[in-house]
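Visitor: The primary structure of each chain is shown beneath.
Protein chains: 4
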Amino acid sequence: MGGGFGGIFLSMSDRFIQIAASIASIARGFQVRGWALGTSGNLSAVVEREPLTLAMSPSGVDKGDLTAEQILMIDEHAAVISDHHAKPSDESPLHIRIIKERGAGAVLHTHSIWNTVLSDIHAADGGLSIEGYEMLKGLEGVSTHEHCEWLPILENSQDMLALADRIGDTLRKHKDAHALLLHRHGLYSWGRDLAQAKRHVEIVEFLLEALGRTRLISQQRKV
Amino acid sequence: MGGGFGGIFLSMSDRFIQIAASIASIARGFQVRGWALGTSGNLSAVVEREPLTLAMSPSGVDKGDLTAEQILMIDEHAAVISDHHAKPSDESPLHIRIIKERGAGAVLHTHSIWNTVLSDIHAADGGLSIEGYEMLKGLEGVSTHEHCEWLPILENSQDMLALADRIGDTLRKHKDAHALLLHRHGLYSWGRDLAQAKRHVEIVEFLLEALGRTRLISQQRKV
Amino acid sequence: MGGGFGGIFLSMSDRFIQIAASIASIARGFQVRGWALGTSGNLSAVVEREPLTLAMSPSGVDKGDLTAEQILMIDEHAAVISDHHAKPSDESPLHIRIIKERGAGAVLHTHSIWNTVLSDIHAADGGLSIEGYEMLKGLEGVSTHEHCEWLPILENSQDMLALADRIGDTLRKHKDAHALLLHRHGLYSWGRDLAQAKRHVEIVEFLLEALGRTRLISQQRKV
Amino acid sequence: MGGGFGGIFLSMSDRFIQIAASIASIARGFQVRGWALGTSGNLSAVVEREPLTLAMSPSGVDKGDLTAEQILMIDEHAAVISDHHAKPSDESPLHIRIIKERGAGAVLHTHSIWNTVLSDIHAADGGLSIEGYEMLKGLEGVSTHEHCEWLPILENSQDMLALADRIGDTLRKHKDAHALLLHRHGLYSWGRDLAQAKRHVEIVEFLLEALGRTRLISQQRKV
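Protein chains in written order, with this note's numbering: chain A, 1 to 223; chain B, 1 to 223; chain C, 1 to 223; chain D, 1 to 223.
Hint data in this document are derived by calculation from the structure and do not stem from the laboratory.
Some clues are possibly wrong.
Pair by pair, the computed Cβ-Cβ distance ranges are [unchecked claim]:
#  : chain 1 : residue 1 : chain 2 : residue 2 : range
1  : D       : Asp75     : A       : Glu155    : 34 to 42 Å
2  : B       : Glu50     : C       : Ile17     : 45 to 53 Å
3  : C       : His174    : B       : Cys148    : 42 to 50 Å
4  : D       : Ser59     : C       : His174    : 50 to 58 Å
5  : D       : Ser143    : B       : Cys148    : 52 to 60 Å
6  : C       : Ala162    : B       : Thr67     : 42 to 50 Å
7  : C       : Asp176    : B       : His174    : 35 to 43 Å
8  : B       : Thr67     : C       : Asp176    : 49 to 57 Å
9  : D       : Met12     : B       : Arg33     : 29 to 37 Å
10 : C       : Ile17     : B       : His77     : 37 to 45 Å
11 : A       : Asp65     : D       : Ser129    : 32 to 40 Å
12 : A       : Arg192    : D       : Asp125    : 37 to 45 Å
27 Å max Cα-Cα, derived DSS-like pairs, lysine-lysine [claimed, not checked]:
#  : chain 1 : residue 1 : chain 2 : residue 2
13 : A       : Lys137    : D       : Lys87
14 : C       : Lys137    : B       : Lys87
15 : D       : Lys173    : D       : Lys100
16 : A       : Lys87     : B       : Lys137
17 : C       : Lys137    : C       : Lys175
18 : A       : Lys137    : A       : Lys100
19 : D       : Lys137    : D       : Lys100
20 : C       : Lys137    : C       : Lys173
21 : B       : Lys100    : B       : Lys173
22 : A       : Lys100    : A       : Lys175
23 : D       : Lys87     : D       : Lys137
24 : C       : Lys87     : D       : Lys173
Partner residues are not named here, just some residues of chain C that face chain D (Cβ under 8 Å, in silico) [claimed, not checked]:
#  : residue
25 : Gly38
26 : Thr116
27 : Val117
28 : Ile121
29 : Leu154
30 : Glu155
31 : Asn156
32 : Arg184
33 : Gly212
34 : Arg215
Don't be surprised by glycine CBs; every beta carbon is placed ideally from N, CA and C.
Required output: the full structure, derived from the provided sequences and hints.
Guide: Okay, structure coming up:
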């Protein structure tokens with residue numbers, strides 16, 4: 001039942017406590033940046049692989065006030081197994097699918113201005129490519145700014161199981177993708193653990209804003 | 001005289017103390033985001049329905065320094081009934097009208113850059129529609145991003161009673177509206193309680209900025 | 001030697017201590033907003049009218065770290081009369097001139113992105129007018145959004161005494177102005193006291209950003 | 001072995017402790033501003049000149065959480081000489097080259113949106129000039145806004161030694177430059193000490209954003 005954490009063996013409940021504190025801290029930071037306004041956004045991390053057990057943010061709470069005590073423990077069917085009366089995020093099936101497809105340890109979802117705008121501008125292309133930026137090196141496995149990252153854009157849906165299936169298909173088709181966009185909805189990224197997933201979110205959010213602003217100025221020059 | 005609060009019965013003065021602390025905290029947060037600069041913005045919440053009694057932010061104070069002790073208690077004619085020498089916001093009649101029309105428990109008013117800009121760009125249309133964004137689901141009663149929200153824009157006025165009447169007419173005409181704009185003035189939104197009203201403000205502010213920035217980039221592409 | 005402060009008579013040194021704490025707090029807040037980066041910006045307030053004695057921010061310090069202990073006391077020739085070895089801001093003569101012309105109790109100077117950009121765009125016009133915004137009501141003596149505020153723009157100079165003279169001429173010519181811009185340099189605003197001067201700065205900064213962003217989107221619509 | 005610090009002689013280890021605390025504080029501030037997201041950015045300062053000894057931020061850490069205890073001590077070959085198991089930033093050779101070429105006491109590197117965008121827009125010109133802004137006076141040795149600062153832009157590379165050589169060539173060619181850009185990568189600036197290097201970064205970041213936004217609005221007016 002125990003697992004490794006920085007070389008020390010921790011019980012599952014100790015791991016959950018540490019993970020819940022990190023999730024709450026990341027959520028509050030995202031809310032300050034305007035990436036999780038209006039109770040939007042959700043966050044998860046794996047506590048145990050067998051059976052799959054996740055720490056998950058609850059539905060409908062202000063991410064600027066989120067505390068570790070509010071983080072739920074759920075199973076692979078998104079059923080709450082901790083002693084909480086709250087509901088997990090409606091998008092829990094998307095988190096679970098990403099974790100299973102990628103073997104990820106954490107999944108983070110943000111609603112930023114720039115991810116919303118660019119998901120719209122590039123919707124008809126089914127995605128956008130990001131190439132030539134040093135920041136790309138922060139994505140796991142990328143060692144040069146010459147890397148070309150394809151960021152898929154999926155149509156949004158309220159049918160979470162159908163959307164989970166489409167996300168699964170997309171991840172199998174784009175095996176190197178570190179993130180994806182839902183149209184006029186937001187960004188999903190993931191990583192080995194919460195720190196890596198947070199790094200991936202920050203990098204993709206940064207690059208989307210840089211691309212958006214560059215296009216504005218570039219078009220001006222051509223006029 | 002007592003009312004329910006999380007299952008516990010509180011006296012009216014206990015409720016006022018809790019509400020005043022929440023108002024001050026929300027005000028300071030809005031000021032940090034630049035939504036209540038220069039002493040602008042005002043906030044209210046219902047303390048008692050019969051007779052109607054509101055907690056209301058005072059006029060002309062820096063929202064970045066607002067404390068719970070500064071929050072006034074007013075009656076339905078905007079007369080101060082707490083032991084304060086301060087004046088309630090000049091816009092108190094607008095809050096009272098919205099509370100009566102909608103049965104709202106809280107009303108929040110912000111002066112953001114994007115609500116000011118879009119209230120101007122769309123003034124001639126009498127409002128703007130927002131459709132297709134996942135964020136819309138955070139508005140009470142909305143269950144899909146396919147929802148179309150009409151955000152009415154009213155001409156600004158210094159005659160607060162006349163403006164309150166026009167707001168009343170607008171709310172009766174647009175029974176599903178969750179918010180409205182005053183031209184070159186700001187946003188009013190409301191909710192069952194302060195948490196819901198804050199959620200509505202954050203969602204509408206987010207969507208206005210997303211719409212504004214999308215239009216900038218989209219126009220560029222068409223050039 | 002004593003003066004009134006909230007109805008209580010304070011010694012001049014007590015007043016200086018209170019004013020210095022406010023100046024440091026406002027400076028740190030402006031730096032967080034990006035209005036006083038790179039040690040830019042300066043702040044002053046009147047401690048005594050006869051002889052004229054000011055609290056003034058020192059030259060070349062990081063406004064994000066400014067403490068009350070660093071605030072200097074200077075006379076009407078900008079000579080340091082407190083026990084400090086620091087130099088007052090080079091722009092002290094501009095503060096002193098504004099205080100004398102307007103009878104102001106506080107003068108604040110910011111270097112924001114939007115005041116820099118708009119000082120440039122409108123330089124050839126010698127100023128810009130701001131009209132029709134509710135925010136204008138926060139300027140002292142303005143009671144309606146229909147007010148038209150003329151914001152003069154002066155050419156920048158390193159000759160502080162000559163610049164002070166030009167500022168004096170401008171203030172006499174535009175007796176209702178609440179603020180002025182120096183071209184590609186920044187904003188000066190003032191008020192009866194620090195709270196009012198801060199309110200004026202926040203209002204003008206807000207309106208400049210709103211005007212700048214409105215112009216961007218409006219031009220797009222005309223294309 | 002001791003050196004002067006505010007007139008007091010400190011041991012090298014005392015100096016390192018002070019410098020490490022400053023580096024961590026500046027890093028956290030840059031992360032809040034969005035200039036060091038996704039573990040990007042790096043910071044260094046000279047602890048001792050002979051033999052050259054630097055305090056350097058470690059590779060791959062979240063700058064928003066950086067503590068003084070994580071700062072490494074490295075030699076002029078970027079080898080860690082403090083008791084840490086972490087790796088110094090990959091870009092340490094660039095810091096060391098700048099320190100040697102300029103006799104700088106501190107080097108700071110940021111990844112901001114505006115430095116990324118403008119490094120791209122002006123890449124073909126090999127740099128951009130900034131002229132006529134009061135903010136320029138905050139750059140060491142500049143006494144008037146009429147100063148013209150040339151900000152060189154170099155092609156990015158993953159070969160750090162080759163890039164260090166190109167930076168050396170650029171610094172010898174542009175002896176008055178206070179900063180340089182790497183294409184789609186970021187800003188390097190430096191100074192006599194950390195405070196001056198931070199001032200230079202803030203000034204150049206401010207001016208890049210002001211230039212970018214001015215161009216957007218100016219082009220609009222010409223349409």
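Visitor: Determine whether the Cβ-Cβ distance between Asp176(C) and His174(B) falls within the hinted range of 35 to 43 Å.
Guide: Holds, at about 39 Å.
Visitor: Take the shortest C-beta to C-beta distance between Asn156(C) and chain D; is it under 8 Å?
Guide: Interface hint status for Asn156(C): holds (6 Å vs cutoff 8 Å).
Visitor: Is the straight-line distance between the alpha-carbon of Lys137(D) and that of Lys100(D) 27 Å or less?
Guide: holds (25 Å)
Visitor: Holds or violated: Lys137(C) with Lys173(C), Cα cutoff 27 Å?
Guide: holds (22 Å)
Visitor: Would you settle whether the hint for Glu155(C) is holds or violated, based on the nearest Cβ-Cβ distance to chain D being less than 8 Å?
Guide: violated (10 Å)
Visitor: Is 42 to 50 Å a correct range for the gap between the Cβ atoms of Ala162(C) and Thr67(B)?
Guide: holds (45 Å)
Visitor: State, for the Cβ atoms of Asp75(D) and Glu155(A), whether the hinted interval 34 to 42 Å holds or is violated.
Guide: violated (55 Å)
Visitor: Holds or violated: Lys100(A) with Lys175(A), Cα cutoff 27 Å?
Guide: Roughly 13 Å separates the two Cα atoms, so the pair holds.
Visitor: Sort out whether Lys100(A) lies within 27 Å of Lys137(A), counting only the CA atoms.
Guide: holds (25 Å)
Visitor: Given a hinted range of 37 to 45 Å, is it respected by the beta-carbon distance of Ile17(C) and His77(B)?
Guide: Since Ile17(C) and His77(B) have Cβ atoms about 43 Å apart, the given range 37 to 45 Å holds.
Visitor: Go through the hint on Thr116(C) and say holds or violated, using the shortest Cβ distance to chain D against 8 Å.
Guide: holds (5 Å)
Visitor: A range of 45 to 53 Å was offered for this pair. Does it hold for the Cβ distance of Glu50(B) and Ile17(C)?
Guide: holds (50 Å)
Of the hints listed earlier, those the structure fails to meet are numbers 1, 8, 9, 11, 23, 24, 29, 30, in rising order.
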